[in-house]
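Q: For reference, the chains in residue letters:
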Amino acid sequence: MAKILAVDDSASMRSMVAFTLRGAGHDVDEADNGQAALDTARGTKFDLVLADVNMPVMDGISMVREMRTMAGYSGVPILMLTTESNPEKKMEGKAAGATGWLVKPFDPDQLLATVARVLG
Amino acid sequence: MSKVDLAQFHKAFHEESLDGLDAMEQALLALDEGADDPELINVVFRAAHSIKGGAATFGFTDVAAFTHVAENLMDEVRSGRRPMEKAVVELLLRSGDTVRDMLALSMAGQPAATAESQALLAELSAMVSGGGAATPAAAKAAAPAESIEGWDIAFRPFDYLLKTGNDPARMFRELGALGPLRVECDAGKLPALADMDASSSYLGWTLHLDAGAKRAAVEGVFDWVDGDCDLTLTPRIAAPVAAAPVAAPAAPAAPRAVRDVATNSEASSVRVGIEKIDTLINLVGELVITQSMLSQFQDGVDASQLEMLRHGLAQLGRHTRELQESVMSIRMLPISTVFNRFPRLVRDLAQKLDKKVVLDLRGETTELDKTVLEKIGDPLVHLVRNAIDHGLEVPAKRLAAGKGDTGTLRMEAFHRGGSIVVEVADDGAGLNRDAIVAKAVQRGIIASGDGMSDDAVADLIFEAGFSTAAATTDLSGRGVGMDVVRRNVMDLGGTVGIRSTQGSGTTFTITLPLTLAIIDGLTAAVGEETYIVPLVSIVESVQVKPDAVRSVVGGGELFRFRDQWLPIVRLFDVFGCDGRRRAIDEGIVIVVEGEGTRIGLFVDELIGQQQAVVKSLEANYRRVVGISGATILADGSVALIADVTGLVRMQGRRKAA
Numbered sequence: 001m002a003k004i005l006a007v008d009d010s011a012s013m014r015s016m017v018a019f020t021l022r023g024a025g026h027d028v029d030e031a032d033n034g035q036a037a038l039d040t041a042r043g044t045k046f047d048l049v050l051a052d053v054n055m056p057v058m059d060g061i062s063m064v065r066e067m068r069t070m071a072g073y074s075g076v077p078i079l080m081l082t083t084e085s086n087p088e089k090k091m092e093g094k095a096a097g098a099t100g101w102l103v104k105p106f107d108p109d110q111l112l113a114t115v116a117r118v119l120g
Numbered sequence: 121m122s123k124v125d126l127a128q129f130h131k132a133f134h135e136e137s138l139d140g141l142d143a144m145e146q147a148l149l150a151l152d153e154g155a156d157d158p159e160l161i162n163v164v165f166r167a168a169h170s171i172k173g174g175a176a177t178f179g180f181t182d183v184a185a186f187t188h189v190a191e192n193l194m195d196e197v198r199s200g201r202r203p204m205e206k207a208v209v210e211l212l213l214r215s216g217d218t219v220r221d222m223l224a225l226s227m228a229g230q231p232a233a234t235a236e237s238q239a240l241l242a243e244l245s246a247m248v249s250g251g252g253a254a255t256p257a258a259a260k261a262a263a264p265a266e267s268i269e270g271w272d273i274a275f276r277p278f279d280y281l282l283k284t285g286n287d288p289a290r291m292f293r294e295l296g297a298l299g300p301l302r303v304e305c306d307a308g309k310l311p312a313l314a315d316m317d318a319s320s321s322y323l324g325w326t327l328h329l330d331a332g333a334k335r336a337a338v339e340g341v342f343d344w345v346d347g348d349c350d351l352t353l354t355p356r357i358a359a360p361v362a363a364a365p366v367a368a369p370a371a372p373a374a375p376r377a378v379r380d381v382a383t384n385s386e387a388s389s390v391r392v393g394i395e396k397i398d399t400l401i402n403l404v405g406e407l408v409i410t411q412s413m414l415s416q417f418q419d420g421v422d423a424s425q426l427e428m429l430r431h432g433l434a435q436l437g438r439h440t441r442e443l444q445e446s447v448m449s450i451r452m453l454p455i456s457t458v459f460n461r462f463p464r465l466v467r468d469l470a471q472k473l474d475k476k477v478v479l480d481l482r483g484e485t486t487e488l489d490k491t492v493l494e495k496i497g498d499p500l501v502h503l504v505r506n507a508i509d510h511g512l513e514v515p516a517k518r519l520a521a522g523k524g525d526t527g528t529l530r531m532e533a534f535h536r537g538g539s540i541v542v543e544v545a546d547d548g549a550g551l552n553r554d555a556i557v558a559k560a561v562q563r564g565i566i567a568s569g570d571g572m573s574d575d576a577v578a579d580l581i582f583e584a585g586f587s588t589a590a591a592t593t594d595l596s597g598r599g600v601g602m603d604v605v606r607r608n609v610m611d612l613g614g615t616v617g618i619r620s621t622q623g624s625g626t627t628f629t630i631t632l633p634l635t636l637a638i639i640d641g642l643t644a645a646v647g648e649e650t651y652i653v654p655l656v657s658i659v660e661s662v663q664v665k666p667d668a669v670r671s672v673v674g675g676g677e678l679f680r681f682r683d684q685w686l687p688i689v690r691l692f693d694v695f696g697c698d699g700r701r702r703a704i705d706e707g708i709v710i711v712v713e714g715e716g717t718r719i720g721l722f723v724d725e726l727i728g729q730q731q732a733v734v735k736s737l738e739a740n741y742r743r744v745v746g747i748s749g750a751t752i753l754a755d756g757s758v759a760l761i762a763d764v765t766g767l768v769r770m771q772g773r774r775k776a777a
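Protein sequences, first through last, are from chains A and B.
Per this note's numbering, the very first residue in the first sequence carries number 1; after that it's consecutive.
Per this note's numbering, the very first residue in the second sequence carries number 121; after that it's consecutive.
Treat the hints as calculated values from the structure; they're not laboratory data.
The reader is advised that the hints may include incorrect statements.
[Said to hold, decoys possible] Here are the simulated lysine-lysine pairs, DSS-like style, with alpha carbons at most 27 Å apart: (1) B:131 / B:495; (2) B:735 / B:495; (3) B:735 / A:45; (4) B:396 / B:490; (5) B:206 / B:495; (6) A:3 / B:495; (7) B:123 / B:396; (8) B:283 / A:89; (9) B:490 / B:131; (10) B:396 / B:495; (11) B:490 / B:735; (12) B:206 / A:3.
[Stated by the list, open to error] Okay, the calculated beta carbon distance ranges per label pair: (13) B:729 / A:42: 53 to 63 Å; (14) B:617 / A:42: 36 to 46 Å; (15) B:398 / A:70: 23 to 33 Å; (16) A:70 / B:401: 32 to 42 Å; (17) A:22 / B:401: 16 to 26 Å; (18) B:210 / A:70: 41 to 51 Å.
We treat Cβ as the ideally placed atom computed from N, Cα and C, and that holds for glycine.
Using the sequences plus the hints, can you model the full thing?
A: Structure follows, in C-alpha cells:
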C-alpha cells in the first residue's frame, strides 16, 4: 500500500483515479490544482504523485518543477497524466522533473499497471 | 483485472463539463467584446481539453472526437498561431452548444454524433490549419517480422536520473519480466566516497536479455528515461526463417461505445457548498444536546425545574427554526446559473436584428429554490426576446428619438420582503398604448380603452392570444405569448407585472416565492376539515350579503365583488365534505385569482395565517383536482392545500358545460 496524491481539476477524472487506486488498497489524497497539491505535499510525504498537465491556478508542469525543490521530493515518482501524446508536452514535463507519464484516456487497468510499474 | 464501473463517474463528468462549457461561453463572450486576457483563452482551451480527456476516458468517443478538434483550434490561438477573431469565437460558441447537446445524448445512452455535429465538426476541421481532422495516431506500418533471439543493452543513466524518480531497478525488473536477464555493472565512473552525492547516479550497465522480445517492448521499458541516459539496443538476430506474411489490417469497425443505459437515472442533484453542510451538522449537534437536556424531564417536572424546561423548549424552538432555514438553503442556488445564459442570447439576438444592446446583469448572487430556478428560465428568455425584438429600437430610430444608439437591457434579482423579485427592463420604445387598445378592442377583450390607466392597458398584453407584433419576425410568432409567461410564473406561485412609459422603456417585474416547499397560507375551516389557501392567490376575504348573490341558469351562483360578478365555489360541494354553514352570510368568501380569473371560495370561517410545509398528495395518494398538496397541522391533523388555478379551471369548465 502506498500513499498517493492525485491531482486533477476534473472531479470526475480525479474520483476515477482515486477510486481505482483505493480499490487496489492505496491511500489516496486529492488536490484540484498544482498549488493545492504543493500545499498538501508539504504536510504529508507521498510515495507517488499523479498530476494532470492543464489545470487552473497552477498547471502540472509548474507543480513538478516546484515540487522537485521541496524537501523529501527529490526522487519521488511523479507521473504526468497527459492527453498530449505529442512528444513536446512529455518532454516539457520531463524537463521539469517528472518521472514519466500516463497518456489519457486510460482505463483503470492501465492506471493500476502503470502505478505498479513505478511502485514495484 | 480491476472491477471499476466507470458509469458511476458519468454524472460528475457531465456536470463538470456543463460548468466548463458555461465558463467557456462566458470567456468567449468577453473575448468577443474585446477583452485581452490570456487567461480567458486558457479557460476556453481548458474547457475543451478537459471535456475531451473525460469523454475519452469514460467512453464517449463522439464527444471526444469533436472536442479534440475544438481543442486543436484553441491551441492554435493559445500559442499565437491564430488570432482570436470573430469567426473563431462564433464557431466555438456554436461548438459549445453542440457539445452540450452531444453530452445530453450521451447521458441518455444515445449516439452523440448527429448530422448537425458532423457538419460543425467539418467546419472546425476546415478552420484548424492543415484541415486535419482528428485522426488517431496512424497505425504503425507493420514491421517486417524479425527473428530476434535476444537483446544486448548498454545503459548508462546521466547523473540526475535518480532525481526524476526513475529507478534503474524498475527497468531491470521490467526487462526481467520479458525473459532471463543477465546484468553486468560498470562502476568505473564511481567517484571517491567523499565526493559521492547519494542522489546522483554513477553506474552504467550492460544488460543481456536472452529472449526474443519485441523492440517496442524493450523500448517501452526505457520510454520515460529517453534523453536522460546513453542507451544502445542491439538485437541478436537468429538465422532468418520464412517471413510470415503480414495480414493487411481490416478497416476498423466504427467505434461503438458501450453505455449502461439502465444506470442513467433522471434524478437531479444539487451540489451544495461544504459550509452549508457544516452548518447543518453543527445545528444537528446542538439539537441532540437540547434533546438530551429535555429528556431529563420525561419522568415529570417539579416546580424548581420549570425555568430550565422553559429554557430548553425555547432553545428547541430556535434550533428547529435554524435547522429549517438551513435545510431550505440547501435547495437554494444563485440566480447566476440562469442569468449566465443571457449574455449569449442577447448577443445573438442583437446581431440578428442589427440592434446594439448592452446587457446589465445585477444581483446574480441572489439565491432561489432550485425548482423555481429550473422553471423561471423559459419565461425570462421570452421576456428578453420580447424586449430585444419589440422593445429596443434599431440604432437609427434611437438616435432619432434623441437616445444613444445602444440600448440597455437590465436583468436584476433582489429580495423584497419574503419574495424574490426578478426585473427585466429595457430603455426602448415602451408599449404603444393605442396599438394595444385597438388590438384588445378588435379581439373583444375590452369594449373601449377610454378611462383605462396605462398600467391597466399594459396588463392587456397578458391576455390569452394577444400579440402586438406588427410584423412577424424570426423571433416573435414562434414561441409562447405573454399569457404563457404569466401562467408559468403563476404555476411557481409568483406574479408578473409590467410598467411601461411610451418612448422610454418597459419593465417587467416577476415576484417569486423563496421556495416551493413551504407556502404562506390562510387556514380556513369547512365543517370538520381544514383547508389552506395560498396567500399569493388571495385578493380579499369578504362577507357577502344574500342580496348580493344571484343564481344563474345551470345551478351556479354569482356574487357582486366591486364592479364584477364572480362565481362562488362552495368548497364543501367541490370536495364532498359537510359544511356546517350553508347560508351565504354565515360563512366567508375568499376571493382568489388564478390565471387572471377571480372566483370566490365559500368556507365556514377563517382560522388564521400560517406557513405550511407542502407534502405531495400524488406521492402519497393520487392526484386530486383542486388540491395541490397537503400539510400537517400543529395538532398532527392533515390539512389539504387548495389549488386555486385548478379550482378556477374547474369552474371555467362548469361554466362552459
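Q: Now look at each hint and say whether the structure bears it out.
A: Outcome of the hint check:
1. A C-alpha spacing of about 22 Å is found between residue 131 of chain B and residue 495 of chain B, which places the hinted pair at or below 27 Å, so the restraint holds.
2. Of the supplied pair hints, the one linking residue 735 of chain B and residue 495 of chain B holds, its CA atoms being roughly 20 Å apart against a limit of 27 Å.
3. Distance restraint check for residue 735 of chain B and residue 45 of chain A: the Cα-Cα separation of roughly 52 Å exceeds the 27 Å cut-off, and the hinted pair is therefore not satisfied.
4. For the given pair, residue 396 of chain B sits about 15 Å from residue 490 of chain B by alpha-carbon distance, which is consistent with the 27 Å threshold.
5. Of the pairs offered as hints, the one joining residue 206 of chain B and residue 495 of chain B is violated, with about 33 Å between alpha carbons and a cut-off of 27 Å exceeded.
6. A distance of roughly 46 Å separates the Cα atoms of residue 3 of chain A and residue 495 of chain B; the hinted pair therefore is violated under the 27 Å criterion.
7. For the hint linking residue 123 of chain B to residue 396 of chain B, the alpha-carbon distance of about 34 Å lies beyond 27 Å, and the restraint is violated.
8. With a CA separation close to 20 Å, the supplied pair residue 283 of chain B and residue 89 of chain A stays within the 27 Å bound.
9. At most 27 Å may separate the alpha-carbon atoms for a hinted pair to count; residue 490 of chain B and residue 131 of chain B meet this at roughly 18 Å.
10. Taken as a hint, the residue 396 of chain B and residue 495 of chain B pair is honoured in the structure, with Cα atoms around 24 Å apart against an allowance of 27 Å.
11. With a C-alpha separation of about 17 Å, the suggested pair residue 490 of chain B and residue 735 of chain B falls inside the 27 Å cut-off, and the hint holds.
12. For the suggested pair residue 206 of chain B and residue 3 of chain A, the alpha carbons sit about 48 Å apart, so the restraint of at most 27 Å is broken.
13. Residue 729 of chain B and residue 42 of chain A have their C-beta atoms about 58 Å apart, which keeps the hinted 53 to 63 Å range intact.
14. Restraint check, residue 617 of chain B to residue 42 of chain A: a C-beta distance of roughly 57 Å breaks the suggested window 36 to 46 Å.
15. For the hinted restraint 23 to 33 Å between residue 398 of chain B and residue 70 of chain A, the CB-CB distance of approximately 31 Å keeps it satisfied.
16. Roughly 34 Å separates the CB atoms of residue 70 of chain A and residue 401 of chain B, a value that falls within the hinted 32 to 42 Å.
17. The supplied range of 16 to 26 Å is met by residue 22 of chain A and residue 401 of chain B, whose beta-carbon atoms lie about 24 Å from each other.
18. Taking 41 to 51 Å as the suggested C-beta distance range, the pair residue 210 of chain B and residue 70 of chain A conforms, at roughly 45 Å.
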